[in-house]
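Protein chains in written order, with the numbering used here: chain A, 1 to 281; chain B, 282 to 642; chain C, 643 to 987.
Mixed in with the good hints there might be a few duds.
As the list claims (entries may be wrong) - Now the in silico label distances, taken between C-beta atoms and shown as ranges:
1. A:Gln15 x C:Asp767: 24 to 34 Å
2. B:Asp421 x C:Val695: 16 to 26 Å
3. C:Asp877 x A:Glu180: 53 to 63 Å
As the list claims (entries may be wrong) - Derived list of chain B stretches under chain C, where covered just means 3 residues or more per stretch with a C-beta under 8 Å from a C-beta of chain C:
4. 392-406
5. 557-563
6. 626-633
Derived by calculation from the structure, the hints in this document are not laboratory data.
Keep in mind the model is a prediction, meaning the values are calculated, not measured.
Yeah, the Cβ is synthetic: ideal placement off N, Cα and C, and Gly gets one too.
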Amino acid sequence: MHLIEIQDLSFAYPQLAALQDISLHMDTGEALCLVGPNGCGKTTLLDHLIGAHSMQKGRIFFEGKDFRKLRTKELAKRIGYVPQSRRNTFPYRVLDFVLMGRTPYTGVFASPDENDRQIALDALEEIGILAFQDRIFTQLSGGERQLVILARALAQKTPLLLMDEPTAHLDFAHELMVLETIVKMIKTQNLSVMMATHFPNHAFYLQSNGVPTRVVMMKQGKILQIGQPDEVLTVPNIEKVFGVNSRILSIQNGQSGGMKTIVPVKTANQSERMIICDKIG
Amino acid sequence: MRQNRLKKQLLILLLMASLILPACSSGQSSDQKTSVPTTLVSDTHGREVAVPNEMDSIGTLFAVAGHITTMLGEGEKITAISNGLRRDKLLLEICPSIGESVIPKVSGSINIEEVLTADPDLLFIDSEIATFEKETAKFDKLHIPYFVVDFNSIVEQQFLVQQMGIALNQEEEAQAYNDFYTDCIERVERIVATIPMEKRVRVYHSVNEATRTDAPDTLPADWLTIVGAINVSLDDPLEFTDNKYFASLEQIMMWNPDVILVNEDGVDEYIRTKDQWQTLNAVIHDRVYLMPNGISRWGHPTSIETPLAILWTAKTLYPDYFEDLNVEEAARTFYREFFEYEISDELLQQVMIGKGMRNIK
Amino acid sequence: MAPLEISQKKQSTQRILSVVFVLLPLVFIVITMFIGRYPVSAQMVIDTVWSKVTGIPVAVPDIAQTVVWDIRLPRAILGALVGGALAVSGASLQGLFHNPLVDSGILGVSSGAGFGAALGIILFDNVVMIYVLSFIFSLTAVFFSYLIGRIYSTVPNIMLVLGGVIVSSIFSALISFLKYVADPFDQLPTIVFWLMGSLANADYREISISLIPILVGTLGLFALRWRINVLSLGDKEARSLGLNTRVYKMAVVVCTTLATAGAVSVSGIIGWIGLVIPHIGRMIVGNDNRYLIPASMSIGACFLILIDNVGRMLTGSELPLSILTALVGGPFYVYLLKRTKGGGW
Numbered sequence: 001m002h003l004i005e006i007q008d009l010s011f012a013y014p015q016l017a018a019l020q021d022i023s024l025h026m027d028t029g030e031a032l033c034l035v036g037p038n039g040c041g042k043t044t045l046l047d048h049l050i051g052a053h054s055m056q057k058g059r060i061f062f063e064g065k066d067f068r069k070l071r072t073k074e075l076a077k078r079i080g081y082v083p084q085s086r087r088n089t090f091p092y093r094v095l096d097f098v099l100m101g102r103t104p105y106t107g108v109f110a111s112p113d114e115n116d117r118q119i120a121l122d123a124l125e126e127i128g129i130l131a132f133q134d135r136i137f138t139q140l141s142g143g144e145r146q147l148v149i150l151a152r153a154l155a156q157k158t159p160l161l162l163m164d165e166p167t168a169h170l171d172f173a174h175e176l177m178v179l180e181t182i183v184k185m186i187k188t189q190n191l192s193v194m195m196a197t198h199f200p201n202h203a204f205y206l207q208s209n210g211v212p213t214r215v216v217m218m219k220q221g222k223i224l225q226i227g228q229p230d231e232v233l234t235v236p237n238i239e240k241v242f243g244v245n246s247r248i249l250s251i252q253n254g255q256s257g258g259m260k261t262i263v264p265v266k267t268a269n270q271s272e273r274m275i276i277c278d279k280i281g
Numbered sequence: 282m283r284q285n286r287l288k289k290q291l292l293i294l295l296l297m298a299s300l301i302l303p304a305c306s307s308g309q310s311s312d313q314k315t316s317v318p319t320t321l322v323s324d325t326h327g328r329e330v331a332v333p334n335e336m337d338s339i340g341t342l343f344a345v346a347g348h349i350t351t352m353l354g355e356g357e358k359i360t361a362i363s364n365g366l367r368r369d370k371l372l373l374e375i376c377p378s379i380g381e382s383v384i385p386k387v388s389g390s391i392n393i394e395e396v397l398t399a400d401p402d403l404l405f406i407d408s409e410i411a412t413f414e415k416e417t418a419k420f421d422k423l424h425i426p427y428f429v430v431d432f433n434s435i436v437e438q439q440f441l442v443q444q445m446g447i448a449l450n451q452e453e454e455a456q457a458y459n460d461f462y463t464d465c466i467e468r469v470e471r472i473v474a475t476i477p478m479e480k481r482v483r484v485y486h487s488v489n490e491a492t493r494t495d496a497p498d499t500l501p502a503d504w505l506t507i508v509g510a511i512n513v514s515l516d517d518p519l520e521f522t523d524n525k526y527f528a529s530l531e532q533i534m535m536w537n538p539d540v541i542l543v544n545e546d547g548v549d550e551y552i553r554t555k556d557q558w559q560t561l562n563a564v565i566h567d568r569v570y571l572m573p574n575g576i577s578r579w580g581h582p583t584s585i586e587t588p589l590a591i592l593w594t595a596k597t598l599y600p601d602y603f604e605d606l607n608v609e610e611a612a613r614t615f616y617r618e619f620f621e622y623e624i625s626d627e628l629l630q631q632v633m634i635g636k637g638m639r640n641i642k
Numbered sequence: 643m644a645p646l647e648i649s650q651k652k653q654s655t656q657r658i659l660s661v662v663f664v665l666l667p668l669v670f671i672v673i674t675m676f677i678g679r680y681p682v683s684a685q686m687v688i689d690t691v692w693s694k695v696t697g698i699p700v701a702v703p704d705i706a707q708t709v710v711w712d713i714r715l716p717r718a719i720l721g722a723l724v725g726g727a728l729a730v731s732g733a734s735l736q737g738l739f740h741n742p743l744v745d746s747g748i749l750g751v752s753s754g755a756g757f758g759a760a761l762g763i764i765l766f767d768n769v770v771m772i773y774v775l776s777f778i779f780s781l782t783a784v785f786f787s788y789l790i791g792r793i794y795s796t797v798p799n800i801m802l803v804l805g806g807v808i809v810s811s812i813f814s815a816l817i818s819f820l821k822y823v824a825d826p827f828d829q830l831p832t833i834v835f836w837l838m839g840s841l842a843n844a845d846y847r848e849i850s851i852s853l854i855p856i857l858v859g860t861l862g863l864f865a866l867r868w869r870i871n872v873l874s875l876g877d878k879e880a881r882s883l884g885l886n887t888r889v890y891k892m893a894v895v896v897c898t899t900l901a902t903a904g905a906v907s908v909s910g911i912i913g914w915i916g917l918v919i920p921h922i923g924r925m926i927v928g929n930d931n932r933y934l935i936p937a938s939m940s941i942g943a944c945f946l947i948l949i950d951n952v953g954r955m956l957t958g959s960e961l962p963l964s965i966l967t968a969l970v971g972g973p974f975y976v977y978l979l980k981r982t983k984g985g986g987w
């Protein structure tokens, strides 16, 4: 039995078909990277998995259970969600923000109790930001905020985490920090992660850090190919999906061995830039 | 922690309970106010008011009630007033103690505690307050008898004065005023009947504001008819807001009155100088008149000097027919007889001109 | 371990604050019994209260007893109820729509209630019907705001607020229309009085009328206060955290409507409290609705009692409440905007 199984999922907005016949599955301990350009349907797919859309066609199973039979609260005990860096909210304290991860476990009219507070503190400690607990969420940097959101997802104690561009708008160092934290979470908490990303390199990063990783390459609401990063993230596929000419390099990286990375070289149909690029090359 | 929350919630419930509790134990206030001998007098709303026979404090929360009370010789007992009363210069000149009264109402609700500081034996209120059950409930609760003052015609005004005369134990004085009132009407009516219709003057009556005017079934409509004026605003629909009637400028253009009567100092100037009004006959022929202002603005919908307004307007509209009518002397007699006040020539002139007789708010 | 100590200190401060928030409105109510234009000595006030609570007659003039027990006390209690209800509704809606510029007036509650009352005055000459209709129409107004909000479902919050603005102005127009057709000598003054917003006529009957909707509404919001935190994150995240957003949003809106309608139906329309008080609360206890909701309740209650006392003490005549709340609330709001630089929420 798969952790998640999606069968023939289709979804259309009034003017636009967003998903067409999506079928895929993922298993516990795995990282599934949804790769594709803007508007390819990644976010719509994730939205289905958090129950934000009512399903039009197709079926989704969580550990064999039909999605439609899971109530919002039960779903939230199984699937956590890490959004893109948040738009402004009320300036909550970090600990209070992380406590919100405990919502599915509190009664209708109740507030989190001491036990929930301990879990939230543990989550902060796990991520390594216990010192943030009394700071104000909105006054943190983008990267710090993202770590707090990861802590909240951890406090939610779900076997599966969905992430929608978790490193969008982050600087170099913070992007890496968030990725390192994700790797740590997968390894120590036995989590599975489904991650939508613009950056195919994230898949190589996860793989080279010992996370069993598969890539789902999407274009215009359809799945192009599913497989190991090596099989899917190829120069022809990158050109097909992103319209970018690229090279794939291997980097020798001390103990952990090799890591691959995609270097975009030029967009496919702008020939005048080729000269410059070739000179650099 | 859970226990703490429970405690907190309990505390809040207790707070709520303590709020509810008093509500359950109300209504035991006893009715032991020492009973004083009273007389039943019906007010203008037909209520039977138990008015104490002996009174030393009277509240007049409607200006005209203050005027009438003063006229009936009880002005010095007034202890609570509405804001308007303090603006009437001549009244304060006649009865200065009114200026020391408390003012429990400007607009809006009555501050009942302020009324209580005056401890009135009887309260005169206007019909607006009277229609608001909540306000009158306060008087009932505190056993303050209240008398509703409401009138929209000469007959009703005379009835009011008569009833207030009974209430204040000054029936003769009231009757004398009403007789004078009737005399003035008859005197004018007799002559007006001889004025042919084609000589009747078309009049526009501005009340406080340039475009505010008279509707049918109001006191001004009544007395303007008596003086033989053709009141232009009576036959057209008017805009009604905030209990006042307004004409539109275009309506006034269409009516094109021969005479404009103004009751508020300054409005006459406005009409004479404002561009839009310049095409009117009344303005062209310089027949825009500011009405006199004594204790009240003569001719105002609640004016106590309506009989004088009748004389003045008759003379103003038809000077040829009322040559031997001396309005000034009539006014002098009026203030002497009914207010026991000998008005100086200087002040009388000011009253007749109508300027500067109201204190600034 | 340092952070934990800070947290514990914070907790004890919060405990003290909770006690203060519970006691403060009671203190204000008690103080109100002692002040007013009519001179009643402190001893008389205490004797009156003693007599009323124990039933033992005391030698206090009837009139003083009435002033303390039937005028000042119900006024203070109603002020506490109305102020608390308006403030807590404002705080909840601000959280729900993650918009600090919102209060219950924004959903059309007030103008709906005003219309209902005016209709009640014209159709039935019956006080109970006035309350009932004002209540029904405040719910109707919110319902229409909500329908408009759903026309364009991708930005439901903005649409809901827009819907509220539209519904508010339509109901305001309808109120003007009713004033136009009302009997000028009988009904119109009553309508004007009703719309003015005043506690001057508070009595125990009004308290008992407004108590149930206000209590149900505020206690509902109090119970939901943690969920309002989660709802303030936006639909998608709230849903991913296990909240059925549609149900909970509806619950919050219904509770705020109950509380506000209960308040407006007895006191008329009083502005600014729902907007400003929650921000004072934010300055004291922060933005966590677990603390903000009870704090707003308490501060709102105290604020309205205070304002009402000022209104009846400042001059001999009653100064309308909305004038005072606007005069205090407006500048304070500017100060808040300056302090938070317009976007620090």
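Verification of the hints:
no. : hint                            : verdict
1   : A:Gln15 x C:Asp767: 24 to 34 Å  : violated, 55 Å
2   : B:Asp421 x C:Val695: 16 to 26 Å : holds, 25 Å
3   : C:Asp877 x A:Glu180: 53 to 63 Å : violated, 31 Å
4   : 392-406                         : holds (count 6)
5   : 557-563                         : violated (count 0)
6   : 626-633                         : violated (count 0)
Violated hints for the displayed structure, listed by number in ascending order: 1, 3, 5 and 6.
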